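Protein chains in written order, with numbering that gives the first Met the number 0: chain B, 0 to 492; chain R, 0 to 486.
By construction, these hints were calculated from the structure, which means they are not laboratory data.
As the structure is a prediction and not an experimental result, all values here were calculated from the model.
Where a beta carbon is used, it is the ideal one built from N, C-alpha and C, also for glycine.
Warning: the hint list may mix true and false statements.
Said to hold, decoys possible - Derived Cβ-Cβ restraints for the label pairs, each shown as a range:
(1) R:GLY41 / B:ALA465: 25 to 31 Å
(2) B:ALA318 / R:VAL148: 28 to 34 Å
(3) R:GLU424 / B:ALA146: 55 to 61 Å
(4) R:ASP314 / B:VAL118: 52 to 58 Å
(5) B:SER345 / R:PRO418: 33 to 39 Å
(6) B:ALA318 / R:GLN289: 54 to 60 Å
(7) R:SER90 / B:ALA318: 49 to 55 Å
(8) B:ALA305 / R:GLY41: 52 to 58 Å
(9) B:ALA305 / R:SER38: 51 to 57 Å
(10) B:PRO3 / R:ASP326: 56 to 62 Å
So you can see what is in the structure, the chains are spelled out below.
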Amino acid sequence: MAVPVWVGIDVGTTGAKVVVTGLDGQALWSGSDRYPRIVAPQGDVAGMEQDASLWWSAVAGLLRSMPPDLAVRAVAATSQAPSLVLVDAAGRAIGPALLWADRRAQAEAIEIDALLTAVHPDDPLATPADSYFGTAKLLWWARYRPALLEAATGVLATNGYVVRQLTGVGSLDLSTATMLQGHGSQGFSPVLSAAGVPTGLLPPVSPCTTLVGEVTAQAAALTGLPVGTPVAAGAIDAVGTALEAGVLEPGDPFAEMTGFSTVGMVAVPAGTPAQGFIRCRHCFVDTDLVISAQVTSGAVLDWIVALTGGDRTVLDPPALLARQRPAGVRMVPSLAGERTPTWNASARGEFSGLALDTDAVDLVLAAMEGTAMALAVDLDGLAANGLDIPLIRSTGGGSVNGAWLQIKADTTGRPVERPVSGSGAAQGAAYLAGLAVGDLEGADQVREFSAAVSGRYLPDPVRAAAYRERRAAGAQMPAPAPPSDTSIREVAR
Amino acid sequence: MTHQRVWIGVDVGTSMAKAAAFDVSGELLAVASRPVPLSHPGQARVEQDPEVIVGSVQAVLAEVCAAVGNHRPELVALTGQGDGCWLFDASGVPVRTAISWMDGRAASILAEWEENGTSDAMFAENGNIMFPGAPAPILAWLDRNEPEVLDRAATAGYIKDLLLQRFTGVRATDATDASLPFGSLTAGEDYSAEVLRLTGLTHRAGLLAPIQLPLPSGTLTVGGAGATTLVPGTPILAAPYDIPACVIGSGMLEPGDGLLIAGTTLACSVLTDEVDLSGPKAGMTITMPQPDRWLRVMAAMVGTASLDWALKILDVPFSSLNALLEDTAPGSNGVEVLPFLAPSGERAPFVDPAARAQFTGLSLTSTRGDMIRALCEGLAYSARSCFEAAGLTGDVYICGGGSRSIAWMQIFASVLGRPVFLAKEGEVGARGAILAAAEAIGAPLDAEIWTGPHRVVEPDATAVKLYAAGYDRFGRHLSAAKALWMR
Chain B
0 MAVPVWVGID
10 VGTTGAKVVV
20 TGLDGQALWS
30 GSDRYPRIVA
40 PQGDVAGMEQ
50 DASLWWSAVA
60 GLLRSMPPDL
70 AVRAVAATSQ
80 APSLVLVDAA
90 GRAIGPALLW
100 ADRRAQAEAI
110 EIDALLTAVH
120 PDDPLATPAD
130 SYFGTAKLLW
140 WARYRPALLE
150 AATGVLATNG
160 YVVRQLTGVG
170 SLDLSTATML
180 QGHGSQGFSP
190 VLSAAGVPTG
200 LLPPVSPCTT
210 LVGEVTAQAA
220 ALTGLPVGTP
230 VAAGAIDAVG
240 TALEAGVLEP
250 GDPFAEMTGF
260 STVGMVAVPA
270 GTPAQGFIRC
280 RHCFVDTDLV
290 ISAQVTSGAV
300 LDWIVALTGG
310 DRTVLDPPAL
320 LARQRPAGVR
330 MVPSLAGERT
340 PTWNASARGE
350 FSGLALDTDA
360 VDLVLAAMEG
370 TAMALAVDLD
380 GLAANGLDIP
390 LIRSTGGGSV
400 NGAWLQIKAD
410 TTGRPVERPV
420 SGSGAAQGAA
430 YLAGLAVGDL
440 EGADQVREFS
450 AAVSGRYLPD
460 PVRAAAYRER
470 RAAGAQMPAP
480 APPSDTSIRE
490 VAR
Chain R
0 MTHQRVWIGV
10 DVGTSMAKAA
20 AFDVSGELLA
30 VASRPVPLSH
40 PGQARVEQDP
50 EVIVGSVQAV
60 LAEVCAAVGN
70 HRPELVALTG
80 QGDGCWLFDA
90 SGVPVRTAIS
100 WMDGRAASIL
110 AEWEENGTSD
120 AMFAENGNIM
130 FPGAPAPILA
140 WLDRNEPEVL
150 DRAATAGYIK
160 DLLLQRFTGV
170 RATDATDASL
180 PFGSLTAGED
190 YSAEVLRLTG
200 LTHRAGLLAP
210 IQLPLPSGTL
220 TVGGAGATTL
230 VPGTPILAAP
240 YDIPACVIGS
250 GMLEPGDGLL
260 IAGTTLACSV
270 LTDEVDLSGP
280 KAGMTITMPQ
290 PDRWLRVMAA
300 MVGTASLDWA
310 LKILDVPFSS
320 LNALLEDTAP
330 GSNGVEVLPF
340 LAPSGERAPF
350 VDPAARAQFT
360 GLSLTSTRGD
370 MIRALCEGLA
380 YSARSCFEAA
390 GLTGDVYICG
400 GGSRSIAWMQ
410 IFASVLGRPV
420 FLAKEGEVGA
430 RGAILAAAEA
440 IGAPLDAEIW
450 TGPHRVVEPD
460 ATAVKLYAAG
470 YDRFGRHLSA
480 AKALWMR
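Let the sequences and hints guide you as you build the complete structure.
As structure tokens, then:
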């Protein structure tokens, strides 16, 4: 007899993952596949692109390799966000997708912010003026890639693109929509379209758990899913992570997911302002997620490993924890600009305190401390918004490394726990499918799935005090390194 | 068979003793070398066994004589590492293991001198900034902690003084070694009584060997010949120590010219005909053997050791260095480096034991090439700041192991905004020692032939412009970082 399951998909920055989950919340099967991203297209270091067709081929391939004899109740997809791609009437990508980390539309973001501020001064829910919040990329396309925009009939977010391939229906989920610059409870501010921002290309908005369509015959042939399988609108990956980590309603713990980036999240009543942070609607419509985000964290470790010759043993926890901490070598891990809480798109990474006896393990330790320090600074910022975080739940690939979790506990001065499940956003996406199809009735049932903990890391009081001191000293630092201004690049040209 | 005339130079570095034989036109005929060990008998202590060094020098002399088939050279010129403290009795027998210039035990004495103004007063007297491995702090430390050892010694000198005494029985030192720390700025003048008073070492003045001009010299004694296989009676001279010897050996002649020794550390020297101590209080002032010539030396701690570190941690073989530098654009795609990797910080052109290295402007797209090139650029900026402090106005010569990387030399040329002249390869220090010694015995050699021709590396006009902006940013990074170094 076929086993009833929910299928969760997560379309990340570095790869896609599919998790098949039974109705008891346990993952029965998972598969993942990686795809490349194009860093610095045409030599522009601010750019980051991806071929959207690779998202779909990876997802379709994973779905095809699911075990037989499953009765798929519903499918939901979460994704990197907000990454956007232009599509034609048949749902085919027009040009490369512009990833969330693409910073080329920074000037447009500032321009849009000025337009919005003129109409809604002092809006406590306004997003920071940063191209990360998607909308500026629409204006950038209009200005710098008009031919692509001309050929397009719509714009889709990453998860929306996958939903489009599965169902033939264009949709934009509410969690993604609420992240876009200038998007409010009444949709996009009309001043944007009046100013030439093509917001009309975005499809209608649906709450994350709305079933927006069914698997078409064409998609069924490519994926092996039965024709007619219901598909939910889906959500940004943070919603998937929140579902998987038990961050469901106000009062639930803070969770962070570390992969390429580190995304932290806490549930608050809908409409709660959180200055300097990202806010989006949860899949529960009266709840928002307040999100902290560091652009590069796991990516920093991969970069160091590649740079130092590819030996991954430098990540071994015992060797890392045997070193003195706080360490003498320090790192600012902002290898692709920063988001919360500083929103400095031109921030760059640095190593300091280097000496001839510094080795690759020291560099990794500095990266782990630096990313943990950035997390601590985010927690300080949440506290300044009245959101106190007593405990951290760590998920994602980064939570596998126990040394990193211990460093996070010591640096933030909070206990860190790793939930048992740990299949990441894709597993949360499966729960989202369960909620959408009505198999799950609400938050309480989902919370039970994530109750078990596989590891707990307590802060060492002496180290925690030393890290706190270092953080306080950092706050008082004189403006440190001069920013990488453009003058030197201009001279170079 | 015509008997070929040969000249031999001995260079005792920190880690290697070498002897090199040249013909009359300065062609290198043979080199012999032996590693000389350093010992680390405790925290911050670095010592060398003088008997091992004497033995090694005898051995390399024997090897090089055998190689050229001549045991009666025109002369043997001695050069080597400066500083440190080499204590021996009246017959040249060491009374203690030597304390290296890298030793740090006297750091606390130096800190006292910094505190009570002694260091400033010494700089005003002879233009020298002290460091823990200079003879004055070491002697002050020994005077407090091992006075009986000083009581047993006849001489507190330098490595080549010890060798000269063993080979010839002559007790003397040369003007360059004597310059720091007790020297006077006038060649031919005795040690500065003021510096001795300031350092509280007046009662030990007898340990300092007399300064002999133009160079200390003698002839090899029967007893001194020992295992050298040299014929007794061979003229032996103590030439200027390694930095000034390299200045002479590279062919640098005019006041205002500079020499960069791109070795483990970067020593930047500028020849001058007048001493101006109104600039930054840093570096050394070396009195040269000829009248009215001094060297302002800024010996940075950074150098090829920093580069070796980066190549090792980034898993890049030295053989790929040139290609890597050539494949990466000037400016290293925004990566910028302060190269102060030495565990003891930096000493020129500023003194700060807490100085540490940093890499900034890193992004996910930064490559090994960017990091290595940025470090090479940072080292070149360091050299520029040293040369500026030392008063460079003329040409720049470069010698040392680093000069084998032409791509790196190209960076130096563009950062310094002028062509750089690469010293003729092969034992530049020994070559310079021989030139000085031949001059001193009144049988000078043709310096132009001995040191030329130079390979010239021209600056790149576009890079010069870029590096002018980069150097300004280097200065701004440095001021920002200084506030953050942990003390």
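Tell me the hint numbers this structure goes against, listed in increasing order.
2, 8 and 9
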